[in-house]
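Visitor: The chain contents come next:
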Amino acid sequence: MRNSRQTKKHSKAAGLPPGTLIYIGDKKLEKPRITVIDYDEQSFQEKQLPKIEDCFEFKAKPTVTWINIDGIHDTEVIEKIGSHYDLHALTLEDILTTGQRPKFEDLEKHLFIVLNMLSFSDEKQQIQAEQVSIILGPNFVISFQESIGDVFEPIRDRIRNAKGRIRKMGCDYLMYSLMDAVVDGYFSILERFGEKIELMEEELVASANEQTLKRIHQLKREMIFLRKSVWPLRELISGLERSESGLIAESTAVYLRDLYDHTIQVIDTVESFRDMVSGMLDIYLSVLSNRMNAVMKVLTIIATIFIPLTFIAGVYGMNFKYMPELEWKFGYEVIWVVMLIVAVIMLIYFKRKKWL
Amino acid sequence: MRNSRQTKKHSKAAGLPPGTLIYIGDKKLEKPRITVIDYDEQSFQEKQLPKIEDCFEFKAKPTVTWINIDGIHDTEVIEKIGSHYDLHALTLEDILTTGQRPKFEDLEKHLFIVLNMLSFSDEKQQIQAEQVSIILGPNFVISFQESIGDVFEPIRDRIRNAKGRIRKMGCDYLMYSLMDAVVDGYFSILERFGEKIELMEEELVASANEQTLKRIHQLKREMIFLRKSVWPLRELISGLERSESGLIAESTAVYLRDLYDHTIQVIDTVESFRDMVSGMLDIYLSVLSNRMNAVMKVLTIIATIFIPLTFIAGVYGMNFKYMPELEWKFGYEVIWVVMLIVAVIMLIYFKRKKWL
Amino acid sequence: MRNSRQTKKHSKAAGLPPGTLIYIGDKKLEKPRITVIDYDEQSFQEKQLPKIEDCFEFKAKPTVTWINIDGIHDTEVIEKIGSHYDLHALTLEDILTTGQRPKFEDLEKHLFIVLNMLSFSDEKQQIQAEQVSIILGPNFVISFQESIGDVFEPIRDRIRNAKGRIRKMGCDYLMYSLMDAVVDGYFSILERFGEKIELMEEELVASANEQTLKRIHQLKREMIFLRKSVWPLRELISGLERSESGLIAESTAVYLRDLYDHTIQVIDTVESFRDMVSGMLDIYLSVLSNRMNAVMKVLTIIATIFIPLTFIAGVYGMNFKYMPELEWKFGYEVIWVVMLIVAVIMLIYFKRKKWL
Amino acid sequence: MRNSRQTKKHSKAAGLPPGTLIYIGDKKLEKPRITVIDYDEQSFQEKQLPKIEDCFEFKAKPTVTWINIDGIHDTEVIEKIGSHYDLHALTLEDILTTGQRPKFEDLEKHLFIVLNMLSFSDEKQQIQAEQVSIILGPNFVISFQESIGDVFEPIRDRIRNAKGRIRKMGCDYLMYSLMDAVVDGYFSILERFGEKIELMEEELVASANEQTLKRIHQLKREMIFLRKSVWPLRELISGLERSESGLIAESTAVYLRDLYDHTIQVIDTVESFRDMVSGMLDIYLSVLSNRMNAVMKVLTIIATIFIPLTFIAGVYGMNFKYMPELEWKFGYEVIWVVMLIVAVIMLIYFKRKKWL
Amino acid sequence: MRNSRQTKKHSKAAGLPPGTLIYIGDKKLEKPRITVIDYDEQSFQEKQLPKIEDCFEFKAKPTVTWINIDGIHDTEVIEKIGSHYDLHALTLEDILTTGQRPKFEDLEKHLFIVLNMLSFSDEKQQIQAEQVSIILGPNFVISFQESIGDVFEPIRDRIRNAKGRIRKMGCDYLMYSLMDAVVDGYFSILERFGEKIELMEEELVASANEQTLKRIHQLKREMIFLRKSVWPLRELISGLERSESGLIAESTAVYLRDLYDHTIQVIDTVESFRDMVSGMLDIYLSVLSNRMNAVMKVLTIIATIFIPLTFIAGVYGMNFKYMPELEWKFGYEVIWVVMLIVAVIMLIYFKRKKWL
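Chains as they are written, first to last, in the numbering used here: chain A, 947 to 1302; chain B, 947 to 1302; chain C, 947 to 1302; chain D, 947 to 1302; chain E, 947 to 1302.
Next comes chain A alone, as it looks inside the complex (with noise of 0.2 Å):
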């Protein structure tokens, strides 16, 4: 679970002064790899860095540059571009400390954006969480990821090929777009969830087990883990829109406002799953009462029905001197005769109670 992981790493990075820069989280990339795009409406460039140094020089550009680092374990990388481009010790430390909480920070000179990234493992059949750490500047975005592989291809697509306004539009609109590619990976999670959700459903009445309850259980737990990434998007995103740094123009702001109702939608459903998922358990429970109840009639019916008739036997098995009906011709045959008609008298009765 992502949770501990976080506390571990505080526990671990406690004791440091703050601003300290040290990796917090599962090495993941031998090496960071850095890739450079940069474009405006007339050119477009992609490079992959060797050196971090070699990016410094689109600065000065006054076209759109995106950085993108996947791999920020190597805290000298994170450093150096600190320093070049002006970041404040807290923010690096942030970066580098991933199982944050989804925020929105409004340094003076940048914004600073920490996203939870979404995935489903099909392997693992769980959600992956992969922190995106997002600055942008007057002409540049730059953005930290945990390792390689990420839902921004369709974005480089649409600049390589200038689809779209995205070759027209300025950073805040690349900043924009990268969010909203987050939030879109958030919906085809969603959709997952509401598969698995039916699904579990089905199961639940046709086939409840205690394996059952552990993925009702690990349902919720996940809830609970996209509901921490989800929420605080909310604030985040009108945290932007509110931001008087002069970063965002007016013509992005519009699309912001746009991807505040994705995520509000987001957010909803959400909810409603979790009121779907706490609703389970009580069926659950219900379900297991149901069975229980379906077994206890089974054994009532038969003790009810075999319990007298045993007593009826025992009774002619007594070995008194003077019994009469043990000396009748049809004794044997006439207490047939009188247990079938106990067994079927109580038959009835239980047809009547509907037990049966």
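If you are wondering where the hints come from, they were derived from the structure by calculation, not from laboratory data. Accuracy of the hints is not assured; some may be wrong.
Chain copies aren't distinguished; within one or between two, either way the pair holds.
[Said to hold, decoys possible] No farther apart than 16 Å at their CA atoms in a straight line, the calculated lysine to aspartate or glutamate pairs in the EDC-like style are these:
#: 1; residue 1: 1267; residue 2: 1279
#: 2; residue 1: 1005; residue 2: 1032
#: 3; residue 1: 1166; residue 2: 1147
#: 4; residue 1: 1300; residue 2: 1156
#: 5; residue 1: 977; residue 2: 1196
#: 6; residue 1: 977; residue 2: 1214
#: 7; residue 1: 1049; residue 2: 1214
Note that the coordinates shown come from a computational prediction; the quantities given were computed from them, not determined experimentally.
The hints should help you fit chains B, C, D and E onto chain A, whose structure is shown.
Guide: Below, chains B, C, D and E alone, put in the same frame as chain A:
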């Protein structure tokens, strides 16, 4: 369920640039049907148009023009309207993406409203939702629906026959009337729900079974869905009232206030229903518990009466050489009397404990 | 239940233009009864009027005029009042649509209040609601009720006999007095509920059965209804206090503050009752559980004592040729002793486990 | 319970004009006891007065005058104070109507506070509430209590012996001291509750029975009551702090802030207790469930061991002519061995399932 | 539990004038230990002082002076500091009254903060809380702790070795560092909790017993306690940020914002844990229910198989004179076959019902 539909759509559109127009929803119609109603206090005109371009001539006229489009899968039609009426690409995207959260947006020159029109399908015994998008301009109202068939027929009648004040009022009143018709539709849905709940409550006590649980759960999900459609209306209408666009006349504001009251009433009723439905589950569980109790009692009574009697019969079925009772003249009769006494004592005990 | 009534009404009126006057409710009276009380510090006059027009003469007089109309199914009467006192069509519609949510509206020239007057019907053992609409003008108060019979008799007495300060105060104080009488009525309803709840709690522990469950549920529904009537009052009264219409004198504002306190007290009590009622269900379930426990114990004790004994008797009922015990002189007696010892050991075990 | 008392009172007063002075509560004293404490930094005077008029002479003096009235059933006394100190009829009504919600009112010339003084009755093992109304004027404090006996004795001591700063401070500090004493009383109530809860928790696991359920419920009701007394205090004190009457000196405001902190602490503790008490019910139910489990296990073990054995004995009790085993020399012994083996296998199975 | 301790303290102090200095808490030290650390960018000095008066000399120096007092039972020391640094009596009372709610107060010349320093005692397997009070003046920080041993050692190290920026910053940064250390301590507590919860969840499914219930309950109580320590921090820090005292430099405000983020993260995690713990109880109950089901099934299977067989054996144990089957050559063998068939049918039935 609507939920998964919405999320599916989003994941389908993921990766496309924002503002790309693709229809997300089921294709319910072959060809969009475009109807125009144009009126003022004196004149009235109603036409079905083959092409969308035919309605553009009304734009210049000072009369109230209501363009209604049934079927929004033809993105070309939407695009043409968009470019002619100068709508933002994101607005068009919202119109095409069905399954939206109800919302209001104050575009500078227009007001944009998204609503869920609900109807109760008697066949499927289920709520059906259709997205209605309304655009209010200075002298026109454009409404988009997913398919033919709506709750606006009474409004058309009132316009045709100049009933009420609708012909004397402007576009804003028409928009209010459409919203009012949608909200009135919620009342009939609630009425259905009210009946369903009452029926369910009777069924619960009379003949609860596993089907009942399923139905309660279904009811709960519909309630969650209804809630999601209704809650945002509150904010939507009060946003509309506060709008400073100048498109809403003071005389119409009174009606919006009235609509707001109706919405609050719908929300109140939905909340009460929610309370009742969640109360039902408790009742269901305790009905189960009660039944189990009843079954247990019968088992206990039968077992506790016959177990000692069977024991007595067993004792006199033993083959000891020296068992004086066996030799008695009336041993058998005596043992019957003993067994009867034991049974009667038991019954009296149960009577006292109120288990009978 | 009131709920379904309200929604039915709305769906009945659906499709009509807003402001159309049709009465929605049960027709409780043949003919509306119109009474006028006109007073100031010196004079007093009370009349029952055959026609609504007869009361219009009072409009010009500076004295306080209280027009009370019992029975609102005659839309003509309402319409006449509406046109004479210059009321908005929507206000008249609100008066006619019973089952409204309590609300306050600041019409420019009047204040408009809708309240629920509750009474406890001893016959039906149920709360009964009647809608009271009050219009406050500069020198008149008009109140509309669904049927004859109200909680305003003490106010009429005070006016007739010039008791208290009512004859010295204006219309606003009269309106306050009517509202105060309605809220005081809630206290007597709450008193009834308090008694009901106490009775129910005793019944719960003493003799809970399926009827109890039904009654708890009934109580819960009445609580939901009561809550819906009371909660909006809070906002209503504080809206009234903040009203800038000039119709409410400073000296009356003190009384409204007092009324507000009473309303808060009613809400507080309703909330406590809700807590108690929802606690009852928990108790009910655990009482059931306890009883089941008791039944189970008896079954266990009887079964566990006799099952081994029956086994012993069974053993000596076997027909093996060589069973030494059967030949013993006191075999039978010995076996009785053994069985007694087994039974006693069992009883001691149960005693220790505190199952006896 | 206090609740029903309050509602009864209200329904008793229903129909009377507002501001009518009738005492609503139990008559706890024969005659009201009036005591006056008058002090400044130098002088001190304490008297018990036979008539209320005797205290009016203090009004003109610049010293701090504290008039305390125990017993408020004598409406004449209240009325005289009211007219002499120029109090509003509604304020007097509030003083007389015990069972009020704590509140603060900023009358123009005075501040008016209603509090619930709680004490724990050791006899009845119940919380007892007494209403304390306090009026703060420019140079006097008047406090009204329902009966003799209060938590103010330490304050009187401090005044008599000039301990602390009380003799140096004004009326506002005296009022603060009274409030502080009442809130300090809550802490001792909470301490009692804390002990009760700890005891209950031990009892729960050790020896839960139907009495326990009743006691948990009782605790819950007392918690609801406590909550109703404490929550309004928060608003009350912050209202007092913000009051612009000029009656509260800046130096006293610090103390009010401290009192506010204490109140928050009381509320926090009450909320934690509520959490714990509601957790108790869950534990109670699962303790019941556990016990039932234990009972069931014993039944199952006894039954499952002996039912097969009894069957075996039954088989060899059959009277078939040709049953070879019956003729065996050691048939009886063999069958004992078989039965022992069966029993041992069963026991091992149960051991494995951890039912033993 | 801390709760009862706090309430006990309060009731102990009840009756004393506010601002009276008595220590409320356990005496954990013989003699308070006073240490002074005095530093600026160049100089550094660390001393343990025998008398509190020795530290007063530092007041005049412009360097940062951190006075730390371990052990606050000696009211004389506190009083001396109070008079020398001009602290309000209520502030001193707050320092002495351990078990406070975390709070921030803006005294005019100082800022005053109360925090709960939490640590996990491995011996008692319990959270332990210690109150830390911090006073920030223009050139000094005074911290009060209940006993020796704290989480501030790394800060002392950083000051001694001039690590990080602490030696370059002022008193406000020192105060921030202390608060940061306390909040970092919460993360390690949360890590412990996370492990505990994971362990508990595994235990729940594997081997739930009555001890588990107790432990879940214990966990829940600790969570309630943790929550009470953490929630007020949010308000505390944002109060500190908004403080207009001029004691907090702009450069330090950034760090406070960072601390605020950490606090939010702690709160988030606590809330998730709460959700998980309350989910555990549901799981616990359903695990119990499942087990009962399993027990019931075994009983049912054994009983339902053997009851009919025993009945058959009973039949042929009857002593009727004329029972043809008894005379058959292979009657005994036939009856065994019959009984086997019955048993097999039963088993197939159970298999189908999935009870096996």
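Visitor: For each hint given before, does the structure comply? Return the numbers of the non-compliant ones in rising order.
Guide: Violated: hints 5, 6.
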